[in-house]
Amino acid sequence: MTKKISSWDIVNIARGPYRKTSLDYIDNLFEDFIELHGDRLGYDDKAIVCGIGKYNGIPVTIIAEQKGRTTQENIERNFGMPNPESYRKAIRLMRQAEKFNRPIITFIDTKGAYPGLHAEEHGQGEAIAKSMLTLANIKVPVINIVIGEGSSGGALAIGVANKILMLEYAIYSIISPEGFASIIWKDSSKKEKAANKMKLTSKDLLNLNVIDTIIKEEKEDSDDNFMKVIARIKKELDLSLEELMKLSPKELCYHRYEKFRKIGTYKKEKVN
Amino acid sequence: MTIESIKKREYPSSNKKSNIDIPKGKWLKCPKCKEIIYRPTFVKSLNICPYCNYYFRITCKDRLKLIIDDGTFKEFKLNIETTNPLELSEYEAKLKKEKEKTGLDEATLSGIGKINDNKVVIAIIDSNFFMGSMGSVLGEYVTFSIEESIKRKLPLIIISASGGARMQEGIISLMQMAKTTCAIAKHNEEGLLYISVLTDPTYGGVTASFASLGDIIIAEPGAMIGFAGPNVIKQTIGEELPPGFQTSEFQLKHGFIDLIVKRKEMKETITKLIELHKGSGIIDKKN
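Line order of the protein sequences matches chains A and B. Once you know that position 116 of the first sequence is 116 in our numbering, the rest is easy, because the numbers rise by one and skip nothing. Once you know that position 30 of the second sequence is 30 in our numbering, the rest is easy, because the numbers rise by one and skip nothing.
These aren't lab readings, by the way, just hints derived from the structure by calculation. Quick caveat: nothing in here was measured; it's all calculated off a predicted structure. Note that the Cβ used here is the ideal one computed from N, Cα and C, for glycine as well. Where hints are given, some of them may not hold.
With a straight-line cut-off of 20 Å between C-alpha atoms, the simulated PhoX-like cross-links for lysine-lysine are [said to hold, decoys possible]:
{"id": "1", "chain 1": "B", "residue 1": "K99", "chain 2": "A", "residue 2": "K268"}
{"id": "2", "chain 1": "B", "residue 1": "K99", "chain 2": "A", "residue 2": "K262"}
{"id": "3", "chain 1": "A", "residue 1": "K186", "chain 2": "B", "residue 2": "K77"}
{"id": "4", "chain 1": "B", "residue 1": "K151", "chain 2": "A", "residue 2": "K268"}
{"id": "5", "chain 1": "B", "residue 1": "K61", "chain 2": "A", "residue 2": "K267"}
{"id": "6", "chain 1": "A", "residue 1": "K186", "chain 2": "B", "residue 2": "K234"}
{"id": "7", "chain 1": "B", "residue 1": "K151", "chain 2": "A", "residue 2": "K250"}
{"id": "8", "chain 1": "B", "residue 1": "K234", "chain 2": "A", "residue 2": "K197"}
{"id": "9", "chain 1": "B", "residue 1": "K94", "chain 2": "A", "residue 2": "K267"}
{"id": "10", "chain 1": "A", "residue 1": "K267", "chain 2": "B", "residue 2": "K77"}
{"id": "11", "chain 1": "A", "residue 1": "K267", "chain 2": "B", "residue 2": "K151"}
Where chain A lies over chain B, by a calculated footprint (3+ residues, C-beta under 8 Å) [to be verified]:
{"id": "12", "region": "167–177"}
{"id": "13", "region": "181–192"}
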């Protein structure tokens with residue numbers, strides 16, 4: 001590749017049909033993973049996968065947005081767009097992680113929370129808010145990895161973490177470039193221009209101090225290259241866990257508070 | 001998407017057609033029933049249509065007058081403005097227009113005041129400015145208000161009216177949801193009272209953060225409240241939405257708000273709720 005890769009190119013890589021999904025990472029990062037189902041309120045939404053596994057021999061709780069890898073799976077998983085019940089399942093397992101003192105590792109990969117009738121009747125906004133609120137005060141380390149598409153509140157709901165790692169060709173944004181273009185320029189076909197303006201790549205987000213670390217990716221898709229990425233994630237997870245496991249529950253909450261408290265860009269108005 | 005669809009709010013119950021342009025002054029037209037309203041009557045009825053009971057959106061200054069005791073309000077002045085993080089010239093132009101239109105610097109008014117002699121921290125969001133959207137500055141004012149309420153051990157009242165996160169600041173706006181939510185989490189730990197009041201419209205990133213996290217959540221009658229905007233949902237599911245979808249009454253039926261309170265009874269209801277939280281030893285009237 002000689003041409004410089006644009007933000008719009010990265011959007012297309014992040015959305016690529018063959019891009020690895022959360023379960024591919026889970027299978028390669030954790031031992032003895034067991035998926036746990038249900039929100040205990042009447043539903044089991046499949047757009048978020050939750051469970052327990054071992055990382056370097058330590059039990060951890062895993063919460064991951066999961067796109068389908070086949071058409072059939074995509075239908076089952078609602079194309080990775082969670083309904084409120086997914087967030088309520090996640091909240092249940094966050095609390096359980098705290099009870100058993102397990103670190104939480106979350107994976108972001110979604111076009112956003114599902115905008116449907118059922119979702120609104122069941123409090124999509126409330127579910128996202130409560131998921132963030134639960135993570136804000138949880139007494140165990142939380143590490144978030146953005147692996148594909150991270151779009152809007154539906155992504156951030158599981159993103160209130162002590163450390164945020166992001167794959168080089170993942171994206172993280174307030175809305176899709178198509179949505180952004182239709183709001184700003186009343187023309188959704190200006191999606192490419194939007195992508196290049198939105199600061200949604202890992203490099204942009206590191207500069208804005210929204211994420212902590214970029215995980216380098218290989219340009220070509222292959223099994224060998226995927227294992228290289230897994231090794232890099234492991235290295236960063238090791239460093240993050242080592243640092244965070246030294247902190248007391250109170251310090252962990254404070255660390256998370258300070259991290260998000262600082263986000264915002266404003267200048268002091270000129271004093272006349 | 002959310003903001004756009006709310007602006008284009010439809011009023012399905014209007015069966016009366018009126019194309020008369022009403023000159024600004026003594027008369028105005030109700031956007032819902034299209035009746036012509038005499039302005040002094042309208043002001044007396046707290047900006048509610050006397051014919052169809054439609055609640056007009058009101059400015060943060062008018063809202064403050066309805067809730068806070070006269071002469072007790074002290075505004076928080078942070079003297080901050082956005083840096084336009086995505087360097088959008090459209091954003092600068094729009095901000096300028098919004099400032100001229102409303103005479104406000106941002107979509108919020110916050111500070112300390114008294115409600116029937118009870119000292120509180122209050123933050124009001126104004127949908128007249130940039131559809132009350134939350135960017136860095138609004139996020140900072142809300143967070144600052146929550147922190148002041150913690151510092152001074154005062155009840156917190158946030159009155160929302162917002163299209164959601166402000167798209168023009170991109171990811172920085174999205175992160176204001178996390179910032180304000182972390183502050184609410186801290187507020188919870190302190191055992192302090194937070195009353196969230198939802199007014200027309202409350203959507204998107206505001207619904208999905210502090211607005212949904214009140215100990216008590218109150219809404220004005222007929223307000224539109226939701227996460228995704230109605231047009232986005234209509235496009236996604238390809239069906240018409242049921243009547244009354246996403247209104248306060250819909251939210252009450254589905255269990256997402258505690259109560260619906262009329263505009264003229266809001267102050268008394270909030271007062272009662274504050275009184276009912278006394279005795280926990282935290283709220284002291286003399287504060």
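For each hint, the structure was consulted:
The suggested pairing of B:K99 with A:K268 holds, with an alpha-carbon distance near 17 Å, which does not exceed 20 Å. Between B:K99 and A:K262, the direct Cα distance comes to roughly 26 Å. Violation of the 20 Å bound is thereby established for this hinted pair. In summary, the hint linking A:K186 to B:K77 is not supported, as the alpha carbons are separated by about 34 Å, beyond the 20 Å threshold. Annotation: proposed proximity of B:K151 to A:K268 is violated, straight-line Cα distance about 23 Å (limit 20 Å).
Proposed proximity of B:K61 and A:K267 is contradicted: the alpha carbons are some 25 Å apart, above 20 Å. The straight-line distance between the Cα atoms of A:K186 and B:K234 is roughly 18 Å, inside the 20 Å bound, and the hint therefore holds. About 18 Å separates the Cα atoms of B:K151 and A:K250, which keeps this hinted pair within 20 Å; it holds. Under the criterion of a C-alpha separation no larger than 20 Å, the hint pairing B:K234 with A:K197 is inconsistent with the structure, at around 28 Å.
Taking the CA atoms of B:K94 and A:K267, the gap is near 18 Å; set against the 20 Å cutoff, the hint holds. For the hint pairing A:K267 with B:K77, the CA-to-CA distance comes to about 14 Å; that is within 20 Å, so the pair holds. Taking the CA atoms of A:K267 and B:K151, the gap is about 25 Å. The hint is violated against a cut of 20 Å. Counting residues of the region 167–177 of chain B whose C-beta lies closer than 8 Å to any C-beta of chain A gives 11; at least three are required, and the coverage claim holds.
For a cut-off of 8 Å, the count of residues in the region 181–192 of chain B with a CB near a CB of chain A stands at 8, and the three-residue condition holds.
Hints 2, 3, 4, 5, 8, 11, counting from the list given before, are not met by this structure.
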